[in-house]
Structures are given as structure tokens and as C-alpha cells.
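The listed protein sequences derive, respectively, from chains A, B and C.
Per the UniProt record's numbering, the first sequence runs over residues 1 to 410.
Per the UniProt record's numbering, the second sequence runs over residues 1 to 432.
Per the UniProt record's numbering, the third sequence runs over residues 1 to 338.
Hints are computed from structural coordinates only; laboratory data are not their basis.
Note that the Cβ used here is the ideal one computed from N, Cα and C, for glycine as well.
Any given hint could turn out to be false.
Here are the simulated distance ranges between beta carbons [as the list claims (entries may be wrong)]:
(1) A:G216 / C:L133: 52 to 60 Å
(2) A:E228 / B:W259: 51 to 59 Å
(3) B:G318 / A:V209: 39 to 47 Å
Covered stretches of chain C, as calculated for chain A (at least 3 residues, CB under 8 Å) [unchecked claim]:
(4) 154-165
(5) 170-177
The list that follows gives simulated cross-link-like pairs (lysine-lysine, DSSO-like), each with its CA atoms no further than 27 Å apart [to be verified]:
(6) A:K126 / B:K31
(7) B:K352 / B:K258
(8) A:K269 / C:K139
(9) C:K33 / C:K113
(10) C:K139 / C:K221
(11) C:K55 / C:K29
(12) C:K131 / A:K264
(13) A:K306 / A:K126
(14) C:K221 / C:K113
(15) C:K221 / C:K55
(16) A:K225 / A:K239
(17) C:K131 / A:K269
(18) C:K221 / C:K131
(19) C:K55 / C:K33
(20) C:K139 / A:K264
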Amino acid sequence: MSTLTDPPNAGFRLSMLFNDTRYRSLTFQVIAAIVLALCIWYLGNNLIQNLRAAGLNISYSFLGDPAGYDINQRLVEYDSQSSHARAALVGVLNTLLVAFLACITATVFGVVAGVLRLSNNWLVSKLMAVYVEIFRNIPVLIWIIIIFTIMTAVMPGPRAFRGDNATSSMVLDLFAFTNRGVYVPMPWFESGLFASAFMNWMVVLAGLVASWFVSGRVTNWANHKQEETGERPKTLLIKLAIWFVPFAVLMLIMGLSWEVPALKGFNFKGGIKIGGPLIALWFALSIYTGAFIAENVRAGIQAISKGQTEAAAALGLRQGRIMNLVVLPQALRVIIPPLISQYLNITKNSSLAIAVGYADITATLGGITLNQTGRAIECVLLLMLFYLTASLTISMVMNIYNSSVKLKER
Amino acid sequence: MADQTTNSIAFVADGNIPESPPPANETGVVKWLRDNLFSNVTNSVLTIISLYVVYLLLASTMPWMLNGVWNASSLAECREILAGKSGACFAVLTERWHQLLYGFKYPADAYWRPNVAFVLMLVAIAPVLFFDLPRKLLLFTAVYPFLAFWLIWGGTILAPLVALVGFVAAAYVFQTFGRSSFAVGFFGAIAAAFAVWLIGGALIPEGASENAMLSAVPSRDLGGYMLNMMLGVTCVSLSLPLGIVLALGRQSSMPLIKWICVIFIEFVRGVPLITLLFVASVMLAYFFPPESTVDLFLRVVIMITMFSAAYIAEVIRGGLAALPRGQYEAADSLGLDYPQAMRLIILPQAMKISIPGIVNVAVGLFKDTTLVSVISMFDLVGMIRGPILASTEWNGVYWELLGFAALVFFVVCYGISQYSQWLERRLATDHH
Amino acid sequence: MKKTVFLGAFTVAGLAAAAAAAGTMDDVKARGKLNCGVTTGLVGFAAPDANGEWKGFDVAVCRAVAAAVLGDASAVEFVPTTGKTRFTALASGEIDMLARNTTWTFSRDVDLKFEFTGVNYYDGQGFMVPKELGVSSAKELDGATVCIQTGTTTELNLADFFRSNNISYEPVPIETNAEAQQQYLAGACDVYTTDASGLAATRATFENPGDHVLLPEIISKEPLGPLVRHGDHEWGDVVRWTLNALISAEELGITSANIGEMSAGTNNPEINRVLGTEGTLGEMLGLDAEWSKRAIAVGGNYGEIFAQNIGEETPIGLARGLNAQWTEGGLLYSPPFR
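Next comes chain A alone, as it looks inside the complex (with noise of 0.2 Å):
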């Protein structure tokens, strides 16, 4: 029994191929490589056959054909003679726009939930629970559809203005809440120091960006003084007149006017319109993210241990400090990552735009623009590298903080 045999030294045997680890992790590669070039092949053939016997091709050259169509909702130029590309881009921009608004938008309800949540107000928390639990049970699209119902069926229409007995009337003779969309009033200047409106505004995000630096400048200041002397030093006023003196002074010498939207015609012109599906789809969609935020907030702040709050009080802080130099680094270390992972929700989720007309990268060119051309292919390829493009760089940010805030450790 216990005589020892030498391993056999043979050569290479066909079953070592599956039972030798040396080989195994090989073979079973190629047997992958093998079964996808497959799989790719026989797609593909699919593919090809079926566009020959259908007499189609694949070619993007419609891009650059005139669109057509015109959209309601543009940040650049664009007109019905523009090209699908140009539509494409509009509804890119658009895309990014509700986004962009509805992640700020949910992370203010999110956040304001989530505290509440803890908060040691029976009612309050109760209700925040309801909020929380109702929005995130229902799915999304029929939140959209019951808040772009409301902004439809329920505000008035431009109608309702107009007469001696109107039944609407403006909100301080300055807003109008219509279910086209909310109108407000919008600042020009009448003596810019450029002609375009355009270069007026950069001059005053100059001037912003100036006072930034400057007052980071002021705190840096505030900080080495009381690394010096232990006093910290009153910036609050200096700070404020940094921020606010150039920026009055700025509107001045411009000539700040505000263009009051007014009833003419058919609509409200004049003044900046902020469409009734743009705010269907943002106000949905804040709303929907910020129920999934507030639990992660809510789990954020309860994964600090009350120790470090204590230690911190140990050490002479004040609340307000605690929080911030204490609590709220390490909670927005737990904060941060399903918070980003919830932007990526609402970016992909802004697609159901499609169901209040809002002209959307998917409205545009994987919505009218595939229609009016019938190319689905090339338009849904194009959808998809997009909204891949948005997302991969929104995880890579992420993924660059995540590793920038990880706990260091030996």
C-alpha cells in the first residue's frame, strides 16, 4: 500500500487536456474562442443574408441628409433643413440637459429625505418613509406619465389667460404656469460690452469665477492664520462683499433687464420657456431618484458609528463641525457611489422620454430620424454607443474618486 510509484512521466495524453490544470484553462479558451467565433459567424450570416435578400445595405450617409423635421426644445441652432446629424446632436444636448438638471434636482430631494427620514419627528419620518416606499415600488414610466398628466390635464392652458375674466392669471405678473410649460422672465442687458448675448454672459462667468478664486484665496488665508495664532479669523463679510460687489457692479455697467414673457397670440413669448415635457421628465425623474438617494443617504449617515461623533465631541468640536470635518466625510465615502450609480440611472432613464414627446437623443435619432429613413439599424447602433460612451465615462469618474477616497490602509 504504501509503496510510492514514481508519477508516471509520460508524454501528452489527449485527456490531460481536461484533467490537467496545466492545460485545462487552455483548452477550455479555445473551446470558448471557438464557440463565440462561432456564434459571431453565424450572426453575422444571419445578418447578411437577411439585409441581401431584403435588398438593404448598411451606410450611414443619410446622417448627413436634411432632417426635415423641426424640434421644439434646441440648445443650438437647428432647423427643419439641418441634417440627422445636427437632429442627433440637438437631441445628445438635450439628453444631457435633463440629466444634468435631474441629477441636481434628485439629489437635493434625496438628501432632504434621507435626513428627514432620521429625524426624530414621528410624522415627519413616517411621511418620508411613505414618500420613499411609494416612489420606489412603482416603475418609473408610469410616474412619468401620471406627472406629465398633471402638467397637462391640470394647469391651464394659454387660453385660460387671455379675456377680461380670465380664469389663470400670471404668478406676480412675472411667471406663467401653463401646460406647455412654465414661462419666465428673462435677463438681458440693454449695454453689454459685447454685441452677442453670448459673449455678455461669459464676461459675467468670468467674473464669478474670479470671486471663487479669490475667496479661496481668503480662506486659505483664514486657515494658515489660525494654524498660526489659534484664532480664526471672521471671513463671512469679506467673503460676501468678494462675491457680491463685482458681480452688482457687473450688472450695472451692462444694464440688467428682465424680458417679462407676455400673452401674444396663440402663446406666451418673450421670456425663457422651460417646456412642459422638459419638466415632466425632470420632475419625474428627481423625484423617482431621489426615493432610491435617500435610502442611500439614510444608510450613508447610519453607517457612521456614534463613537466617532462622541470622540469628536471629546475633542471640544463644535455640532456643526462634527458634521462637517467628521461625520460627513465618511458617510459621503458610503454616499458617493450608489449615489453616482443612481446618475447613471436617471442618464439611461431619461430615454423614456419617448413617452411625453421630449426630444431626446431617442426621440431624435432613434425616434422621427428612424422613421423618416427606416434605418434601424444604423439608427439603434448609434443610440447604443451613445448612451455607452455617457455611461462608461460617468463609471470611470466614479471609479477614479472610488479609488481616490478609499480608506488607506497598511
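Given chain A's structure and the hints, the job is docking chains B and C onto it.
Chains B and C in isolation, oriented as in the chain A frame:
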């Protein structure tokens, strides 16, 4: 001693002071209100605002709900009955009840079939959800998909039977040969299943579906909430094994397999479900052999399954990553090979960690089944947005219908998430 | 039929169907069912009624073809399609013919490789506005918000019309007719535009149809007709001549009432040829002699189908107009049966 004490100390208590009731404002309702609602000024303000919000909500919806009309044949008749009062017209739900549940094409005399399938589903799913039930019930769970298919689609019973026999043959071959070598068992099982399907498929006579016991229903005729349920259940159960395979593949040390899985998962997670549904509705048809067309239902199931499999794979990968390295090493040192180690040591633990995540994905997937209404399938939302709201009788009954849709989804999703929380508590084996 | 195992299994399970690209007619006959693509719901043209039965003008064409080919008007599987999915569904063979008020245009015919087999409704794009707006011409619509149903030629026509008249508008694109209707009724748009027939059909479902007017301008030509895949001429001929048989029947006075009596033989050779009592037209199509008799018997001739589904007696109330026979000043003109 005793005298000394009495002399030097003026008073000493020699018994307890009788208990007196707590002050009125430190007990009962008042204390609870003070602690929970009015502990300070901010809290009081918040409470009052909340109460006002609740009042506003109830004041606007309650009369509408309570005045609801349940019996009318059209919106106009409803409004007549209400005579100007505010009230809901729930009659649309009673009148279109079958359409909401089964779609408008499912044969009316066959409504009992999905009902039976639904009840049986609860039976089949019970042993999966609740571990205390006898394990024997799992046998029924294994048979259930084929039974449900036969009930809902009807047609010849031979088709699901052949499919079932194929799986049984595969399982038998795997049991027999898989013990000596996993690879032989695995590929043998696939070959056996295909052989059975091929032979069985040839044996089923043409036109067997025509005079079958249950009349055949084409899947285009499925609709309503039934369609959401079917898509949800089918896709979740199909994507679970696929998700496990993808997660293991992503952890694999073989670069090729790892990269296939990574690319697949990242691709699917990077695009919205709606573009995948577009693929199903306008593109996928080009990828099937020219001499065939595949049902839209099946195409949608394929795409949704791929979609949820990628998400489930990520959840399971999280579970795998959370396992201490020692578990893998322990399995290796016991001499287990890869399939054994995975099946006996790694996956049971990893799955336990991943269950809440998987349930979240399942709930999300079930909600996402409403998206099929965008590609002209008449699920619950599709029925509401399409035939019902477009009909002359019910043109303009949004709230009742949308509210109903919201309610049925809420009930199911909330139920599932409550189950998940219960399960988490149940599975918690660590000590607190 | 060569099929892979998977597809074989799915076919048996009824989830997949074989559709040889070679001959649609053989497939339809083998399947015993005609797959006909229709809209997701436009009352009068194609919409399921409360019992789930498809009814309408386009539906009648499908039923006539089914009756001609299969001898059974109910052997039709109606496949609801959206503006987006309809062409893929046809190109991929999921449906055998598309009768979804689809406009015959150059690019659809030539570039997308479809074959239009005739025109069953001559339409044009119109506008509907609420009466209270007091608009009497589309040229007064400067600055109006316009609801459009997407996926049709309407967006393009609309852009062209407003551009050439140098007036502005705000488009609101909507996926389905039902939602466009909801938007329009809620006042979220001032105008609803689509094919005039569709407007009439939509208006008919309103609670107070009288509160809405159709503007006189018709801004486009929209010849709507059934279409099939390019290249399958045999099948295209069947659909084309079924439609022509319906049109000819009206011209010749064949109705569902007198068809039995007429098919016994008349002294009008044209009638006899249409009904198959004379000549071998059916054989040439690859059908039997009574194909057109069956097609006409389903819902009557073109005029009867029109009157029954969208005519002036129905809530939709469309006049014949361009769709009258050529003998009565319309455009309907079937090539002769000989």
C-alpha cells in the same frame, strides 16, 4: 449602636417612598406627542407643516375616491351619475377589468388558464422563498415552467413535455458522468438534451396544436398585467443562472472568458433597457436565420434576460468579492476541484450575501417590464395608453387607470421588498 | 425546411414561425393564417373593439386578402405596429403585408425596398383646431403649438408648409394617436395635425365633436395603401388584384347582396371575369377561380367597406371625395380584369 444612630441623625428613611404616578405631561399620549412631535420649535413647525400636507392630500383625494362610480358604461354616463360632484369613475376598471388583466386578445373562455397558472406559480415559488417547506416541493417547482407554458399558450402538451424530457435527460447524464469528470458530464448533458429535443421535435406530428385539449393562443394575444407578470417571472428565473455564470466568468483566471464576460456586462449595463427593446423590435429580426421569424415575445424575453443577467452578475460578483480569501483556499486545500468548490463552498455563501441585491434587481426588472408598452406590446401600461384611453367611451379617464396601474405594481414590489428584508434577518447567522 | 434545433424547438412551441423568403403565398397557405400589420389603434381604419375584434377599413383589406388566399376571412393574425416597427416587421417577414395607412412615397418604395400594391385611400394632411380659437385657415396659425403623431410623413409636410409660408410653430411630437388626442383636448397644443381621415376618425371619438373644426387646407398628398416586400411579385400581385377586385366590384355594381346571384353568371363578361365564372384569372394568380368572389363577399365591395367603416353614416363621417370611382369624379380607377 442603635441608640447612637437615632440620636445623631435626625431622620432616616426606613422604607420606600410610595410610588406616585408620573406627572401628567410625562406619560401616555402627551409624553409621546412631546417626544416625537413637539420636542422643540423646529420639530413643532415640521409637524404642523406635515399635518397640513397630509390634510391637503386627504382633502383632495378622499371625496374623489369615496364618490367613485363603479357602474357605468362610459365616461359620459359616469359624469351624469356624478352630476357635477367630484368623484372617480372606477367603472372603467370594472368594465375593462379583463382587458387590464389579460389584454384584449386573450380568448375570454380561457381566462381560467392564466388564473390557474398564477395560483400554481405561488405554489411553485413557495419552496424557493421559504426554506422551511418540505424540499420535495421543489420537484413541482421544476415541473412548473412547462406546466405554465402549456396552460398559458395552450396547444399540444407534447411540446413542453419534450422540452421537459430533454432537461431530465440532461440532468440524468450529468448525474451519471459528471461525478467522474465535470467536463464530460457537462457537454454530455448538453448533447443529450439536444438529442431528445431533436428526436422529440420530429416526433410531434404537424398540426398537433390544432385539436389539442387547450386551444393554442399565439403569444401576440397575451397582454395586460398578465404580460408584465410573465415577463417578470420568466426573465428573472432565466437571468439568475445566466447571471451566476457571468459573475463566475468575470472572476475567472482565464483572460479570454473573463474579457467576454466583462465586455458583455459593461455593454448591457451601459445602455438603457429601452434601446435593448428597440433592438428586440427593430433589429433582432435581422439576426435570425432568413427562413424564420421569431416571436416578439421571445425576442423581448431574450433582451430583458440579457439585461437583468448583467445586473445580477454584478450583484453576485459583489457577493463573491465579499467572501474572505480563506474560503477559496480552504476549498482548494480540501482537494475540491473548481465546480465542487463553487457549488459546495463559494456560491452558497456568496448567494446569501447577494440575496438582497438580487431581489432589488428583480423588483427593478419587474417595474421595467412596463417599458414594453413603448414597442407596441399591450402590457398593463400599453393597454391603458392605447386601446382604453383611445376608445370613445373612456377617453379622458387618466387618474383611475394610472392609479390602478400604480397600485398593482406597488403591491407586488412592496411585497417582494418586504420579503427580502425578512429573508435578510432570517439569514443573518452572525452575532450581534 | 431547414431549421436549426433551437428554432425547431421554438417552432414546435409556437414561439417561432418559419417564413421562407422564397414565396410568401406558399408560406401563408402552409401556415393557414395571414399575418397582417395594422396600426396600434385608429378608429375606423384599424382598432380592436371592446371584444378584441379588429375592425376598420385597413382591416377589411387584410380580411379580403385572407379570404382570397385562404378562403377564410377570419384566418388573419393582426399584428399591431408602430410607426417605428412597421417597416422592420415587414422587411423581416414577421408580417406578410402591411395595411397601416402608410403613405406611398418614393423613398419607401425604392430605398426601403417595399412594393406598394395600390392605393386604398387618397388622403392628405389636414389640421384640426378647437372652434373657439376662431381660426379659419392654416395660414393664421403663426406661433401656434402643433401636436403631431410621429413616425409618419406628417412631420416633414408640416415643416415644409410652415417654412414655405414663412410662419413659425412649435411642434409637439407624440408617439400614439391616443396621447396626441389627450394633449390636444387638454389644450396643451392649439392644433392637431395628421392625415385628414385620421383627424376625422379622432374627432369622432371626442365627447363633443362639434366643438372642433377641420381647416380647409390640405397640405400634402397622402396616397395610403397596402404594401408588401419588394421582389415577391407573385404575392404582390395577389394583394394588388384583391384590392382591384374590391374597387372593380363597386364599379361593376357587384355588392355583397347580389354577389350570389351574379356569380351564377351574367351577360357582362367583365363581371364574369372578376367573379371567375369566365376565364382563368384566378389560376394565373396561383389561386382558384372563386378567389375574388370570396374577397368581395367578406365585407362587400370597396364602396360598402368604405360606407361601413368610415363613411358618412358612421361617426367618422368621411365623404367619398377623391375616393369616389373615376366615373363619379374620383380617383379610384382599377385596371381592367382581362
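Here is what the structure says about each hint:
1. A:G216 / C:L133: 52 to 60 Å: Holds: the Cβ-Cβ distance is about 56 Å, inside 52 to 60 Å.
2. A:E228 / B:W259: 51 to 59 Å: holds (56 Å)
3. B:G318 / A:V209: 39 to 47 Å: Because 41 Å falls inside the window, the suggested range holds.
4. 154-165: holds (count 7)
5. 170-177: Since 6 is at least three, the answer is holds.
6. A:K126 / B:K31: holds (18 Å)
7. B:K352 / B:K258: holds (23 Å)
8. A:K269 / C:K139: holds (19 Å)
9. C:K33 / C:K113: holds (24 Å)
10. C:K139 / C:K221: holds (18 Å)
11. C:K55 / C:K29: holds (23 Å)
12. C:K131 / A:K264: With a Cα-Cα distance of about 19 Å, the restraint between C:K131 and A:K264 holds, given a limit of 27 Å.
13. A:K306 / A:K126: holds (23 Å)
14. C:K221 / C:K113: holds (21 Å)
15. C:K221 / C:K55: Holds, at roughly 25 Å.
16. A:K225 / A:K239: holds (16 Å)
17. C:K131 / A:K269: Roughly 23 Å between the alpha carbons, so the hint for C:K131 and A:K269 holds.
18. C:K221 / C:K131: Between C:K221 and C:K131 the Cα gap is close to 25 Å, so the pair holds against 27 Å.
19. C:K55 / C:K33: Holds. C:K55 to C:K33 sits at ~17 Å (cutoff 27 Å).
20. C:K139 / A:K264: Holds: C:K139 and A:K264 sit about 17 Å apart, inside 27 Å.
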